[in-house]
Each structure stands twice: as C-alpha cells, then as structure tokens.
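K.L.:
So the protein lines, in turn, are chains A and B.
In terms of my numbering, the first sequence opens at residue 1 and continues consecutively.
In terms of my numbering, the second sequence opens at residue 1001 and continues consecutively.
Hints are computed from structural coordinates only; laboratory data are not their basis.
Only a predicted model underlies this, so the values are computations on that prediction, with no experimental measurement involved.
Possibly wrong hints are sitting among the right ones.
DSBU-like cross-link-like pairs, simulated, lysine-lysine; straight-line CA separation at most 35 Å [to be verified]: (1) B:Lys1747 x A:Lys815; (2) A:Lys736 x B:Lys1832; (3) A:Lys815 x A:Lys551; (4) A:Lys56 x B:Lys1344; (5) B:Lys1266 x B:Lys1344; (6) B:Lys1004 x B:Lys1330.
Sample of chain B residues at the chain A side, in silico, Cβ under 8 Å [said to hold, decoys possible]: (7) Leu1671; (8) Ala1675; (9) Pro1682; (10) Met1683; (11) Leu1684; (12) Pro1768; (13) Ala1795; (14) Phe1796; (15) Lys1806; (16) Gly1828.
Here are the computed distance ranges between Cβ atoms for each label pair [stated by the list, open to error]: (17) A:Ser360 x B:Ala1680: 45 to 55 Å; (18) B:Asp1018 x A:Arg753: 44 to 54 Å; (19) A:Pro818 x B:Ala1680: 17 to 27 Å; (20) A:Leu741 x B:Ala1680: 46 to 56 Å; (21) A:Arg753 x B:Ala1676: 52 to 62 Å; (22) B:Ala1589 x A:Asp64: 52 to 62 Å; (23) A:Asp438 x B:Gly1608: 33 to 43 Å; (24) A:Pro818 x B:Asp1018: 56 to 66 Å.
All residues carry an ideal CB built from backbone N, CA and C; glycine is no exception.
Number of protein chains: 2
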Amino acid sequence: MAKKWVYLFSEGNKDMRDLLGGKGAGLAEMENAGLPVPPGFTITTEACNAYYASGKRFPDGMWDETLAALKEVERRTGKQFGDPGNPLLVSVRSGAKMSMPGMMDTVLNLGLNDQTVAGLAKLTNNERFAYDAYRRFIAMFGRIVMDIEGPKFDQILDAYKERTVGKQDTDLTADMLKQVVADFKALYEREIGQPFPEDPYEQLRLAIGAVFGSWMGKRAVDYRNYYKIPHDLGTAVNIVTMVFGNMGGDSGTGVAFTRDPNTGEKTLYGEYLANAQGEDVVAGIRTPEPIAQLAQEMPEIYRQFVEITQRLEKHYREMQDLEFTVERGKLWMLQTRTGKRTAKAAVKIAVDMVAEELISKQEAVLRVETGQVYQLLLPRFDEKDKERAVREGQLLGTGLNASPGAASGAAVFDADTAQALGQEGKAVILVRPETSPDDVHGMLEAKGILTQHGGATSHAAVVARGLGKPCVAGAEQLRIDGRQFTAGAVVIREGDMISIDGATGEIFRGPIKTVAPELGREVELQQLLAWADEFRRLQCWANADYPRDAKVARELGAQGIGLTRTEHMFFEEDRLPIVQRMILAETDAARQAALDELLPIQRGDFEGLFRVMDGLPVIIRLIDPPLHEFLPGYEELQEEIAALKFELRDAKTLAEMTQKMEQIRERERLLSSVAAMREANPMLGLRGCRLGILFPQIPAMQVRAIFEAACNVAAEGVDVHPEVMIPLVGHVSELKRQRELLEPIAKKVMAQRHMQLDYKFGTMIEVPRAALTADEIAEYAQFFSFGTNDLTQMAFGISRDDAEGKFLLRYVEEKLLPDNPFQVLDRGGVGKLMRMAVELGHSTRPDLEIGICGEHGGDHSSIQFCHQIGLKYVSASPYRVPGARLAAAQAALGETTRDR
Amino acid sequence: MAKKWVYLFSEGNKDMRDLLGGKGAGLAEMENAGLPVPPGFTITTEACNAYYASGKRFPDGMWDETLAALKEVERRTGKQFGDPGNPLLVSVRSGAKMSMPGMMDTVLNLGLNDQTVAGLAKLTNNERFAYDAYRRFIAMFGRIVMDIEGPKFDQILDAYKERTVGKQDTDLTADMLKQVVADFKALYEREIGQPFPEDPYEQLRLAIGAVFGSWMGKRAVDYRNYYKIPHDLGTAVNIVTMVFGNMGGDSGTGVAFTRDPNTGEKTLYGEYLANAQGEDVVAGIRTPEPIAQLAQEMPEIYRQFVEITQRLEKHYREMQDLEFTVERGKLWMLQTRTGKRTAKAAVKIAVDMVAEELISKQEAVLRVETGQVYQLLLPRFDEKDKERAVREGQLLGTGLNASPGAASGAAVFDADTAQALGQEGKAVILVRPETSPDDVHGMLEAKGILTQHGGATSHAAVVARGLGKPCVAGAEQLRIDGRQFTAGAVVIREGDMISIDGATGEIFRGPIKTVAPELGREVELQQLLAWADEFRRLQCWANADYPRDAKVARELGAQGIGLTRTEHMFFEEDRLPIVQRMILAETDAARQAALDELLPIQRGDFEGLFRVMDGLPVIIRLIDPPLHEFLPGYEELQEEIAALKFELRDAKTLAEMTQKMEQIRERERLLSSVAAMREANPMLGLRGCRLGILFPQIPAMQVRAIFEAACNVAAEGVDVHPEVMIPLVGHVSELKRQRELLEPIAKKVMAQRHMQLDYKFGTMIEVPRAALTADEIAEYAQFFSFGTNDLTQMAFGISRDDAEGKFLLRYVEEKLLPDNPFQVLDRGGVGKLMRMAVELGHSTRPDLEIGICGEHGGDHSSIQFCHQIGLKYVSASPYRVPGARLAAAQAALGETTRDR
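Please put together the full structure from these sequences, using the hints given.
P.N.:
Now the structure itself:
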C-alpha cells in the first residue's frame, strides 16, 4: 500500500504528533472537536524524511496528494488558489513533534501575485490592505524561503517611509505600497537570478521545500544535538487558509493561556490586539490589550472564545496556550498547545487540576519538574524589597531567564577581575557581551552572570546552570562598552551594585535583599510532595554537618542523615588550634592529649544532631581530608618567612633581632611539618581511612564521641540510630582493620552505660576498586554509601577542581560529554561501577543498606538511576530534598507506566 | 577405616611430600632406592593437624603406631630404646612440605639417660664421647623442646672451659663432662620445676609435641603469612636412628651439592669434616675440607658417595643438596633435597640437563625463575674490579643477599641525609641497624641499603625488593655506632665509599666498577630463552624512547615497541627551549612557529626508532604529561624572584636597577603563566588527550612527524609499522575527536608520498572508565594498551608518588595489601577492569590488538595474568624483556599442565 503523505485536518487527531507534528495534531484535534479552524491540511513528517532519503526530492505522490487536499480546501472555503476573482490565500508553517527554534517559521499570504492581489483588493474593497499583504508576502517569501537577507527589504521600505510625514508603515499609501512591491520584486530577481514566482503552485512548492530544508538547518541541528532530539523525526508542513485580523474594527488577533502562567491562578490570561495581524503583536509596534478587553469590544466572540478555551483545557486535561484571530466578526482558532509556565504555576496548576478532578495525583506528580521544585526553594529576592526597587525605578530591563536564582553584587566586566574580587570574598556579577571558555575562571567566582547576547543554550547559560548560579542572558537592550554598560539612560560602571533574577530574567540597579524560601508557606508544593511520598520507593535523606542543617533537612522531609562530615567541625575557629596541636604532636601522648580535648566537643556536636534526628538514622563519616588541610598553606608560610627575614634585616636592636629570629625559627619548624605533609596529588594521598590506619587514635576518639553522645541522648529518651562510616576504602582489609579497631570501642562505651543501641558500621564506596570488589567489602560493611563525587573523579581520572574550569565545561559545551558528570551521574561508566557494587554487595549481604551521598543525590536523572538500581535512599543537601522526593516518585511512577 | 599416622621410611616415597613432609619423603625415597639410610619413620602432617584439632592432644592410635614403628627400628638395628646394654638413640626432626625457618630444628641423641649413657660409653669404649653426647642432648632438649634459654647452658659450660688450659670444648675431660651433665640437669629442674625426664619414651613424647607446637610458633606463622603458605599444611615429625660422625678417624660428616650451586658446573661440590658431628660444621669451630678431600681419606666411601649422588640426581632429575655421615667406615645418607642455587647456576643446570637428556626443554623453562633471569641482567660488579677489591682486602663481610643488584656509594647513616644527598644527585648507600617506615624517604633516594639486623622478610629487604634496589640485610658482623660502622678493624665513617652486592650479600670498602650485562655472552640463557620462545603465546615487546633503547630491546628479544613516550624527547636540552616557547605562545601563530621547529626534530627521532625496529610494530604515544612539567617550578621561580628583589634593593646604579627590574618583570610574567597552569591534582588534570583536544596543533605536529618519518624510512626500504597511541582516554568521544583530527593528517602525508603504510590508531586503557566502556572505545581504537600504572592509581585512588613512602609500603608490610600493587598487578580490582576491557573490546572488534605497557609488563605474576586474559603482548623496559619471555612461556606451559 502506498504511503499517505497528506492529511486534511479532519483526518488527524491529537495522538498523531509523530506523523503530523505538534501544530498539525492540535489543529486536527480542534477541527474534529468542531472548533472553528481555518480549513487546511498537513504534509507528514514521513514525507520530510522521504524527501531527504531521496536526495531532496518530494516523494512520489506527495505533490498530487497536496493538490487534492488543496482542492478540498477550495471546496470548503469556496475560494480558488490563484483565482483573481476569489483567491485562496494560505499560510505555510513548519511543525515538528516538539517546537524547535531554528526551524522555518511561517510564510503568510501565500497565493498572492499581481493578479490575485487585485482580486483581494476588490474583495476587501481595500487596495491598501491588499498591497500591504502583498509586500509582506514577497519579503517573507524572499527572506524565509529564498534566504535573502531581511535588511535588504527593510532598506527599501525605510526609504519609502522616510518620504512620509509619520515615517511609519501605516503612513504608506496604496500607491507607495505598489512601488514597494515593484522594488521588492526587482530585489528578488537581482538576488535569486530569477523573477519572483507569480505561479501560486510554484510558490507553494518552494515553500514546502524550504520547510523541509530548514529541518537540517544549522541552528535546528545544533538545537537537536543539544537537547538530544533525534534527527530522524522530521518536520511536518501545515498549509492553512489565511484569515485576517487586520480587516477592520471587527477583526483582531490574540494569544491566551487557559490559566495564569506566572501564578497558576485559574483565570484566562492573554493579550488581544484589534485590527492587527499576529506579526504586529510580535513586532511590538502597538501595545496589546489584556484579553478581558475583548469582552467589552466583542462580547459574543469573547463568550465563544472562553467556552472554547474551557473545552480545550478539559479535552487536553492540561493548561493550553492558544492563538486566535477574529476576521470580520468570526473567531478562528489557529493553534493550541500545552502552555509553558513558571515553577510556581506548574505546582499550583498540577495541584488544582487534581482538586478539579481533571487529572490524577500520579499525573500531577509527573507534571512538575524536579528543577522547578528546586527553583522554588532557591534564594529569591525579598518580594517587598523587589517591589521597592521596581517602584524606585531600578529595573533596568529583562533578558532571558537562563539559570534560576537571585543575586546582587558589584558589576565587573572581565573574568580576571571577577576572579580576583571573588576570591577576596566580594560579591560580584560578571557582565559580558557573551562568555567563552576563557571566562570560566571568573564565572566560578561570581555570584551571577549577565550577558548581552546569547540564548538558552549559549555558553553563559549552559555554564551557569552547570554551576548552579543565576544567569540572565541575551539582555539585548543593554549596551556594554568597555568597563560600563548603559540601559536606556542609566550608566552602570564597574563596581556599581546590580541585581539579577535568573528565574525571571530581570536586571536591577542597586542591591535587593534575598530571602531563603520556606516550605511551610508553599501549600501547594507541600501537597504535591505529600502525594510524591505516597508513590516513591526511594527514601530521601540529607547531608548535614550541624544540628541547624539537620533541622532544615527534617522540615524539608529528610528521612535520615546520609552524611555528616566530622572534619567540618574541626575547622571551627575554637577547635582548629586543638586540631593543629593534635596534628603536629611529636609524641603519641601529646597527640592523645589534644584528642582528649576534642572528645567532649565532638560529643556535643553529635548530641545535637541525634536530638534533631530523633527516630531517624544518622550516618557519621570519620575524618576524611588530608591533615595538611588543617594547617596553614606552604606558600603562605614561605611568604611569611620571607617577610620576617626582610624585617630581621631592618631590625635595629638586639632584642628586636632576637625576637624576629625566634619568630622565623617557629615558622620554619611549622613549614617543615607542612612540607613533610605536602602531596603531589592530595586527592589520591593520605586521607580517608588511610589516616585512620596510620593514626588510629583519631577515629578511636571519634567513635567514642559518637557512642557517648548516642548513649547520652538515648538516656534523655531520644531514639538514636548512629551509623559509623569509614571513608575511602579501596581494599577490604582496610575496612576490616578499622572496624576491628573501632567496633570494640563502641561496644565498650555501650557496656559501660548498660545500653544496647541500634548501630551500624559501613563504608563509602568512592574508590573504583571498592565497587569492583564490593562482595569482599560487604563482609565487613553493614551499609554502603556511594560517594559519587570521588567515584566520578577516579573513574574518569579527572580532578574536579582542576578540570571544571580548564576543560570539563568545554567538553560539555562541545558535546564530548553529554553532561557535566559531576552533576548528572555518568551511567555508562560510574553507573556501571555502582550497578556492580549493588549486585556484588547484595550477593554477600542481602540486607545491606545502600544509598548515595554524593552531590548526584539531588539530581533528577541520577535519582532515577538510583531508583533503577535499587538503592534504599538518596542523600542530598537539605534544599535538594523536596526535589529528590518528587524525582523519586517520578522514577517509581515511570516504572509503573512502563509496566502497564 | 582408621587413619594411618606413622609411616616407616620403607612405606613412603618422594611423592608423599604432603603427608610426610619434604625430609620424610626424601628419606623414604632413598630407603626404597636401596641407599644407606639410618632406619627410622615419619609421623604424618595429618597427625599434626589432628593434634591441633583436638586441643593439642595426640590423635588416637598415633602413639601406639609410633611405638610399633620404634619396635621395627629396634629390630633392624638390633638395638633397644632405653636398653643400657645396647641403647637405640634417635634424632627427632620437624619436616614440613617446604623448608621453613622458625620451625623446630633437630634434637639429637634422644634416648640417653643415666643408664644408657653408661652403655654407650661401654659400647664405644669412649666415656668422654658418651658424656659429651649426653650433655649436648640435655642442653638441646632443654633449649629446643622445653624452651629454656640457651645461654644459661652456655654459662655453665663456659665456666668449666675456663678451668682448662685450652679453654675449648675439646679440652673438657670425661669427668668434667659428667659434672656438666649434673649441672645441666639441676638447671633443667630449676627452670621446669620437674626433673629431667630419664624415661626415653617420655623424652620422645615431649619432643614430638614440641615439633607439633613449633608449627604454630610466631616466627613460623609470620613466615607462612609472608609467603602465603597455608596454615593447615601441618608438619611431619621424623624419628631417625642416630649415627655418629665423631667416633674417630674413620668417621666424619658432610654436605654436598651434585653440581656447583654458584656456577652450575657439573662437578660435585661440598664440604667434609672428619671425626665431627653436623653441629660442629655449623658452629664454625673447625674449618671443613673440600669434599674432594674425602677421596684421599676414604677412597671407597668417596666412590660409594659419588655413585649415590649420581643415582639421586638421575632419580630426582634435579640437582640435589645432600647430608651424609660416616660412622666407623660406614656411609649413611641423612637427607636429600633440591639444592638452592644462584641465578647463573639455575640457568646453566637447566640447560645442561636438557643436553644430558635428564629433563625436557619444557621442564628446563619451568625450572628457572623470572626473577633469576632479571637478576642476571641487572648491573653487576665488573668481575676484574671485584677481584681487585677482594685482592686488596676491601671485602668487609657478607650479609644476607636480600635484594639483587650491585651499587657503590657514600655510606650515610640516616634517612634524612640519604634523602638530601640523593636529591642532590649523589650516590649514597643507606646504612641502618634496621629500617622502619620512617626510613622509606631515604631508601627512595639511596642507591642501595645495608642493614645490620633482619632477614629476608625484614622491612629493609621487603622495601628494597619493592623498589628494585640492591640490599644486603642482616650483616651481623658489622657494628654500627652513630655515624660510622666497624667491620673487624676497619672503620667506615659517614661519606666513605662502600659497595654492596645484593645478589651475593658481599660488602666492600671503596667503590667497585659496575657493568651492564650482555645477553650475547650468556650462552645458556640465550638457549633457555630460545626454548621459552617456542612455548609462549604472549609476545614480548619493550618500552623504549630512543633508538639506543630500542636497539638493546631488540637484542634482548623484543618483538615490537609497546610504548614510546614522545615527551621524553621534549625534555632534551636542545629542545626544551622550543617546547617552552610553544607552551607560552600567546597566539596560535607563535605556537605553530614553535611546533614547526619541533617537527623535523621529532621526525628525526622517529626515523631512528623505525630503522632499528625494521619489520616490527612501533607504538608511539602522543604527548601525555601536563604542560607545566616542561616549565620551571612555581616555587623555584618564586625563590628566584625573591632573590632578585633582594638584589634590586642592593643595586647601586640606575642601570643596575633597571636591569634587575627587567629581570623581575620577565620572571614574574613566567610565574604568572606557571601559576595559571598549576593544578591541585596534576595526575587527574590537563594531560593526555585532554591536551590534544585543547591544543590540537601539538598532536597534529606529532602525527605529521610520525608519518613523514615512516615514509622516509620506508623509502629506504625499511619495513615500518607505526601505531599512534592516544593517551588518557576516558570517554569514547575523546578518542573519536582525536582520531578524526589526526588520521586525515596521516593519510595526507602518505598520499603526498604516494605510499600506503600499515598503520594503526589506538588508545591507552589507563582510566577506569575506559575499561568500563571498552566496547564503545573499541569502535574507534584498532588497539588497546593497558597503562596499568595509572589504572592502578585510579582504581585504588592512590597516587604512587605520595603513597609509596607514606603508607603503601607500610600497608604491604602489615599485610593490608598482599603486594605492592604497582609491582604485582592487583587481580581482584585492576585485573577485573582489564578482564572487562578485553571482553568488551573484543566484543566490538574481534581483531583488536591488546597489550600492556605499564611496569607490570615485566612482573612474573602479572605476565601470567596477561596470558590468562588473552593479551597479545606485554611490553616492559628492555632489560625486563628476557624475564618476560620466560614468564610468558611458563604461563603457557602452566596452562598446558593444567589442561592435561
């Protein structure tokens, strides 16, 4: 059976997106629902693929089917294609399965030529209207279909406008427009070497070919590469009878959302422009009215439209984004599609639609993106202060909302300065025309990024999202000029404070207060997460080093602490001197004395954690970083000594000299200790359990502190579940040695208190060899916790600190890597190790508790993978917990969907 | 059926080593061959295990079987155990499957008591002999069986000796010896709390128990742990009729090897002492005669002995180490076992025995250890110069040959000094009483290590072998005293030159010339390796960076170059400035100009290599190390600048100031470049193909140089097979990108020359992720080469530079790791990755060429593993190639044996 290449709208439906594209399926669905859709048809995506398969020729039969469909449209409209008496005009639009920038846009008014334009003038009794449509068509056709540079048409038009009084399009007379048409045609012939095609069928043939051609245009290909959209989907072509919103006061055009896309409120939201075509709205020449205005101007049309929007939303069970045109008092629907919305709106709409019994709880959970939940919990501008800023005229403009979050800081105009000031602890916003890999070192230190050029997939946007920093991109209304930028009349010089909101794209002069979000106030989000909790199988824990973090985590739904880094406690100001004494101790006794001082402090830390996490497990990791991290830096000390030597040279008195020499000696002693601890590759050096093995007193003190704290709070009635985690194990014998040293200490403390607590000993799986030999390691581990940061570093042989700025982000940008593997778990390599570790670990110990505490524990795709390989929990930073709850539910629901 | 615990010698044979131990099996075999063995029997290793299994009780029936066997011995000797008239005396000896230091030695003369000693005196008509035997027995029994400290017996004996004129044992009269016996018994009773057991059966029971007990003695357990000998083998106990070599001029005792254990010459080699017991030889009181002397003194016995040695060697088809005693003109054989030998002798004996048709070529190949071949090719002392040194009295003594190789250097007495001088480039020998982990930093920088204490498993020996450095350990005749040592009258002070030969244990004063070995002169070794080549499946390639290395490698049998590090060429003095210009170039054009200068130089390097390797493949690795390695160090520059600033302060003239300031500016510019390239973990930073991707001009130049060189030499008629290796690939897209850049360059060069060469593009597998995704990587790689150094570093998360001194060797010492994984491939982790990579790689590309170029390519166990997982070749440093050839053959033969 020969393939069918062309479908009338009446032959399609919403489930045929693959074949008809999103726009075609939407038009078909509306047509079949009896809504007023201008007659038309769709050429399929398969035709597009066949076109490429046969060396850019229309497949056999396609053109005949197109002509047949056109005949049917002529029948329904009563007009004829190319008929000077009653000409049928059409628009030609591309329409892939998903909307895609870089694809051919729309050619309007196709079918006009020197004959039909006269017919149109006569029919509409408006010569100016007809020639205006004609000149628009020639320019659009030349530019979009034939690739002539747009400004060349603009120049001609501008020259004519110059001769008018008002200098506006609307000031051009019909006669002038006729001359414009003639000049456009001459331009066309010069550029193309052929006259402008007067034959409407020839116009149509070329336009269809151009739509097909745009599928493989550079921007479209880049876009698909970026979003991993297959190249063999193809695009459909929609041919739709023209309707005109610019035929007078009883005409108009508009767009609308069925709910407010900013807040999610259930209220029709949109804009309307009387006596205009869609183009005019986009061009920004006239300001549209709110949609409600339509109720005043054309109450019947408005009633009809509202009814249609309600029907469509019910029909699609989803908030719709609609385009419509009113032609001489008749409403035409031109498009319906799922509407884009803010994070806040996404949550509210999903929750509301459940209440309205439009969708199920499962669907609601699946409709909100993890990233949107995360975005709702990012620091944001204080609403009041932002209102003040707007009131006081500080809003400079709006760019693209390229990476969410809000930040204030001094504007700086190059990466080196951003790095220098950032490292001094200053808040800066890096402002660049656009960014390149040479700017990454500055982006790393900036609080936010603002660019004049570039879209959602520009370098700045990708890197900023990668770094989790707010970014406003493509703020084209700014003019950056050396070390300043202007926005309208305002000049911002280097060092001036600015603020950017990456969620809205707004740019402000001056600082704006930011606030931490409160889950308690997000009622709909709480509801959504409660539903997510019903569906998910994966637990969500949090990484927290202090009771205050644990408290936040618990409020955000954490079901345990997956990682407490004990060394963070060591860095606190009052403790560091003791820790340094412990490290520099020359005898075991001196070391023990320092550890004895640390014991009660650590015990106090743990007591606080255990109290907050009453009833839930708390995993505490024993000391991990290399000891030299607790000491002054080598170079810092060298500089100090050099400075002291200068001072010694200048010393005037013997006493002064003696004092300086004593200082130098003391610093040199410290320098030599630091030097002895220096490592070429500290990440792969003396740290983790290697430290615990060489200095067993340190983990011994920590385990004593953990179990004394646990017994103390248990005596208060707290339900405590300590889990001791031994880091950086690569060989089972390391774990065995440490556990055999430490568990007796735990038992002794409990025996002294006559208590038996529920506890575990386990290990991080962060060294590839540990994953590879997880069966052996599980013999001594009651739990595994994947440290995917280090596991990724070692599996890739990439030091994140060194690589991210130097080549890793560039790898992502150039698609050498699909994602930054430190953000999105690399399933092919690191994931393979994890899968092995899970299988091997469970083969030895079926009840092994396995989770993840690396940063990936907060990433959507990574959580899905953790669900798939059967982990018990993911553990992420507290503010990542709500998103993780949602992602875990989506992973579970996705599986159910697949099972059906 | 009840187990049989006791075997008469006539009931055993040489294949029963598991049950009877090595000694027992040897005695049984000799007995059954009709050789003169003193009657006796063996209690089995199973009895030992049963003893431990039942809480240290003899298993049921064992004692009865022992008594029955004793009865048979009585029948054959005509003597009776405990019979004062004609007493049977026995020796009791332990005998495990393999000889093992730390096990109970021998108790001689068991069966003597106050009655039987009188009978012995009467029978031998020599009262002094009898009481001398009795006092020896009591002391031996007290010391070995009952654990009384030996010196306590010595003190008593010494007191009696003091009263004689000659002060020697032999000066003691029979009466004095009777008093010694009485005093010994009193000592025994004081120490043990019980009288000395007069009952010979009680003596026997206790001695057997003591042998069993020694199996679990600390030293024996440590030894087994070290050599990975299972603890459940158990030891046998041999009970042998005493024969006496000290019964007059027609008696004597000796040891002999069937061939010279030093040279391998086929000549009887040994020592003989008339009228003496074995003990006396060991004690060194009298100097033994060469075995040939026996021919003069007892020609018939000598003839008989020579015949026996020949029979035994033929019988065992192996060089034998024999013990014998002549008692009143009758020859008794006491032991036969495989003789230990030097590396040189091992090779010669194996080759000679094939010529003698004693063994097959396969057996010859299996009998020589890889390490012995390696040892034969280590630098050694020039024979002539060593003879001169001996002649001139420079030999200071001999310790344990703990790690082979020869070295001369200044004696230093602490690790810090050794490190400091070593880093200055001075040759030093570290001399320590013994070493500990605190000394490793000095050992790393020393040319050799000499210790006064410690055996083959001491810290010094293990670490030195680990580092591949010569070590003489346990040189107890030295006296180390602060910063000097004395050897006899000679005093060696810090800084004096000494020389050590780790293969022989010799220590010399003064320097001795070392020479590189020549395979051409090692005729037997060449023969052995030729046989090995017949059997092995694995090819042996070499790592070589220069034509001169490739030449050596080829002479040593290399079948290809597995790794040429191109960057080594960059480090040469005349090239480094160009390389630095290339790195610091601020424009692409400047960089290209430097690369253009490097091109002909690299091309010349490659031409030399290709010519030497005519007909064989040459793998060339593209630039690998971080670029900052080619620049001065950061701290070095800092210090230079600080010094210049001091000088600037002291500048007297304006010209001088200007000059200094210019110098400072220039250095500061360089410093800032170096600073920009600094990395926290350079091993995981910007290196390998990451460099090639960021600076594609560099590998482009290298590939052009490779193919221009290849075409040039091909034009000369050389058969050239270049293989381009892309390093540090972690993701297939890196390899894809590089290959797609570089292969066209290669093709273009060949097209220009109108040549089509046989070439390959491939990659190192050195990043864990590459092994995990080898199926993907094989799509773009025609070969894999395992870089097991980096693969081990990343799989373990251990930086070798940092870890080896700080904790890794300590891990090995404490058995947290079985071996240093940088020497012996870690099969459980790294090996698992390799196995995966081989399977995945071959699944994509069945003809994928896979080899290994890490250091492990020269290690015996690692080579065996490479054979097992089906690699095509191992590549090691040139001098490792012969050992690798042997190891590869052994791996193949081992498999054949298993298959049978």
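K.L.:
All hints are to be evaluated individually against the structure, with a verdict given for each.
P.N.:
Evaluation of the provided hints:
Straight-line distance between C-alpha atoms of B:Lys1747 and A:Lys815 comes to about 26 Å, which keeps the hinted pair within the 35 Å bound. Among the hinted pairs, A:Lys736 with B:Lys1832 is consistent with the structure: their alpha-carbon atoms are about 22 Å apart, no more than 35 Å. Annotation: proposed proximity of A:Lys815 to A:Lys551 is violated, straight-line Cα distance about 40 Å (limit 35 Å). Distance hint between A:Lys56 and B:Lys1344 is unfulfilled; the C-alpha atoms sit about 77 Å from each other, more than 35 Å.
Only pairs whose Cα atoms come within 35 Å are accepted, and B:Lys1266 paired with B:Lys1344 is accepted, the gap being roughly 13 Å. Restraint check for B:Lys1004 and B:Lys1330: the C-alpha separation of about 33 Å stays at or below 35 Å, so the hint holds. Residue-level restraint check for B:Leu1671 is violated (minimum Cβ-Cβ distance to chain A is 12 Å; threshold 8 Å). Annotation: interface hint on B:Ala1675 violated; nearest CB of chain A at approximately 11 Å, more than 8 Å.
With 8 Å as the threshold, the beta carbon of B:Pro1682 comes within range of chain A, its nearest partner Cβ sitting at about 7 Å, so the hint holds. Evaluation of the B:Met1683 hint against chain A yields a held restraint, the C-beta minimum of about 5 Å falling below 8 Å. With a cut of 8 Å, the hint placing B:Leu1684 at the interface with chain A holds, because the nearest CB-to-CB distance is about 4 Å. Annotation: B:Pro1768 was flagged as interfacial toward chain A, and the flag holds, the nearest CB pair being 5 Å apart, inside 8 Å.
Given hint, B:Ala1795 at the interface with chain A, holds; its Cβ is 5 Å from that chain's nearest Cβ, closer than 8 Å. For B:Phe1796, the suggested interface contact is upheld, since its CB lies about 5 Å from the closest CB of chain A, less than 8 Å. Nearest Cβ of chain A to the Cβ of B:Lys1806: about 5 Å, under the 8 Å cut. The hint holds. Proximity of B:Gly1828 to chain A holds as hinted, the smallest CB-CB distance being about 5 Å (cut-off 8 Å).
Under the hint 45 to 55 Å, the C-beta atoms of A:Ser360 and B:Ala1680, about 50 Å apart, fit the expected range. Range check, B:Asp1018 to A:Arg753: Cβ separation about 53 Å, and the 44 to 54 Å hint holds. Restraint check, A:Pro818 to B:Ala1680: a C-beta distance of roughly 26 Å satisfies the suggested window 17 to 27 Å. The hint said 46 to 56 Å for the Cβ distance between A:Leu741 and B:Ala1680, and at roughly 31 Å that hint is violated.
Remark: the range hint 52 to 62 Å for A:Arg753 to B:Ala1676 is upheld by a beta-carbon distance near 56 Å. Our hint of 52 to 62 Å for B:Ala1589 and A:Asp64 holds, since their Cβ atoms are close to 59 Å apart. One distance hint, 33 to 43 Å for the beta-carbon pair A:Asp438 and B:Gly1608, holds here, with the actual separation near 40 Å. Between A:Pro818 and B:Asp1018 the beta carbons are some 58 Å apart, a value that agrees with the proposed interval 56 to 66 Å.
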